[in-house]
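A.B. asks: Respectively, the protein sequence lines represent chains A and B. Per the numbering used here, the first sequence runs over residues 1 to 227. Per the numbering used here, the second sequence runs over residues 1 to 263.
In case anyone wonders, no lab produced these hints; they're calculated from the structure. Mixed in with the good hints there might be a few duds.
On the chain A side, residues computed to face chain B include the following (Cβ under 7 Å) [stated by the list, open to error]: (1) His26; (2) Asn29; (3) Asp46; (4) Phe50; (5) Gln66; (6) Phe73; (7) Pro156; (8) Glu161; (9) Asn171.
Backbone N, C-alpha and C define an ideal beta-carbon position, used for all residues, glycine too.
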Amino acid sequence: MTDNVTVKSTRRHLRQLHPAAVRTMHWINAGAIIALIGSGWKIYNDEVLFGWLHFPDWMTFGVWAQHGLQIHFTAMWVLMVNGLCYLAYGFYTGRFRRKLLPIWPGQVISDIKAALTFKLAHDDITRYNAVQKTLYAGIILVIVVQVVTGWIIWKPIQLSELTALVGGFQNGRLIHFLGMVAICLFLIIHVALALLVPKTIGAMITGGPAVPDASDSDPAPLLHPAE
Amino acid sequence: MSNRSPSRSIFRPVNGVDQGIMEDNRKLIADINRRKLLRGTLSLGALTMLTGCSVSDTGPMQSVLRAISAFNDGVQELLFRPNHLAPTYSPEQVAKPPRFNASYEIEEVKPVNGQRWKLELSGLIDNKAPWTAEQIYKLPETEIIVRHICVEGWDYIGQWSGVSMADFLKRIGADTKAKYVSFKCADDYTETLDMATALHPQTILATKYAREPITDPFGFPLRLRTSTKLGFKNAKWITAMEVTNTYIPTFWSKQGFNWFSGI
């Protein structure tokens with residue numbers, strides 16, 4: 001009986017850096033985000049917020065505005081359903097807490113300095129540095145806000161209480177646009193850093209090295225020994 | 001190359017909507033898009049193929065997108081709050097004149113002759129006698145000062161008055177358990193409302209803007225105005241109205257815009 005528990009327990013305490021569920025959700029999310037950005041640019045071009053900014057047609061998805069809308073209002077479901085699964089997974093398994101917390105401002109600043117002088121260590125890809133933690137936690141928040149403002153733009157009257165919260169329909173559009181900018185900036189940094197340390201890309205495809213589970217903080221209770 | 005860029009907006013096109021050109025050159029256009037995208041972006045693997053798929057008016061990709069758009073119609077019907085009123089505004093905030101929206105330019109509007117004009121009725125209606133403008137002007141008026149939101153993203157506050165649609169439907173003995181109220185317009189535009197929206201307290205058959213008769217570009221003598229739909233759903237220059245259980249594709253929904261288009 002004791003052996004049995006130990007075996008299960010050991011298996012539990014070693015896991016891949018990026019379990020299959022995380023990898024799947026990451027790439028589904030990546031696809032949805034790209035589709036939403038490209039189609040969003042198409043929609044934006046129909047009535048620009050800034051006179052100096054039109055997105056070139058070749059950068060936008062769809063031929064006409066209706067195609068941009070169709071793609072946007074399809075990909076939004078992919079993003080929302082996948083995103084809800086991801087949030088549930090991240091909280092339930094404790095992955096968010098293990099990987100993204102704590103974030104200390106002092107450490108963020110020193111890590112940014114180290115990154116800018118190319119001194120930031122990245123031999124161990126299983127531990128996120130403070131800059132990574134900030135970016136990854138930040139982008140989750142940005143996407144949540146983006147979904148909320150997306151709903152405001154889609155349903156400004158049915159959700160008029162939410163619309164009032166951001167100060168009106170046009171403010172909703174503006175915040176949605178700024179959220180897009182934040183996501184694009186994140187993407188540029190995220191992709192650039194991943195290309196600098198290519199094994200991180202491999203890890204998000206194959207799962208990466210096995211890592212200890214940090215089981216003292218693992219809330220998953222299913223296989224805990226009954227003492 | 002000149003036909004590579006579609007006009008900025010099909011709601012305000014330069015030379016009308018001739019999608020035939022896009023259709024004829026679809027392969028070429030898709031090819032140009034794909035090459036430029038591949039050249040212009042980091043390798044995003046299979047994701048770049050998104051632009052390689054034809055999302056234009058035919059093909060499997062378009063069928064999938066339209067199926068999801070139909071699903072979104074259903075979601076919006078569920079989300080619709082029949083008694084939830086849109087925010088209203090004060091007369092000082094009203095834009096004068098209102099902003100024009102149609103599939104053609106304002107100069108191309110063909111005015112309707114109010115003397116000869118009639119509103120024809122058909123479908124699930126007890127009293128199908130047509131209405132003249134004079135008769136409609138005599139009906140009790142409801143006024144709404146609400147925000148017009150265009151699918152493109154712009155908006156303005158407008159002050160509309162006319163007979164409440166719910167009252168009018170009752171007056172003509174319409175079957176309000178039917179699913180749709182459809183409209184035909186003098187410029188061959190077609191539009192269809194779901195019955196829940198037609199019965200919403202802020203849905204009217206408008207005859208006035210800012211307390212003056214609606215002018216030609218904005219739908220004289222009779223147009224629809226509802227606070228819960230995107231601008232294009234508010235049919236102008238209405239000539240016929242039908243109460244029906246049959247879904248009739250509309251001017252914009254045929255071109256791939258979402259049918260329900262609630263806001």
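A.B. asks: Each hint: holds or not?
C.D. replies: Structure-based check of all given hints:
no., hint, verdict
1, His26, "violated (13 Å)"
2, Asn29, "violated (12 Å)"
3, Asp46, "holds (4 Å)"
4, Phe50, "violated (12 Å)"
5, Gln66, "holds (4 Å)"
6, Phe73, "holds (6 Å)"
7, Pro156, "holds (5 Å)"
8, Glu161, "violated (10 Å)"
9, Asn171, "violated (12 Å)"
In this structure, the earlier hints numbered 1, 2, 4, 8, 9 are contradicted, and the remaining ones agree with it.
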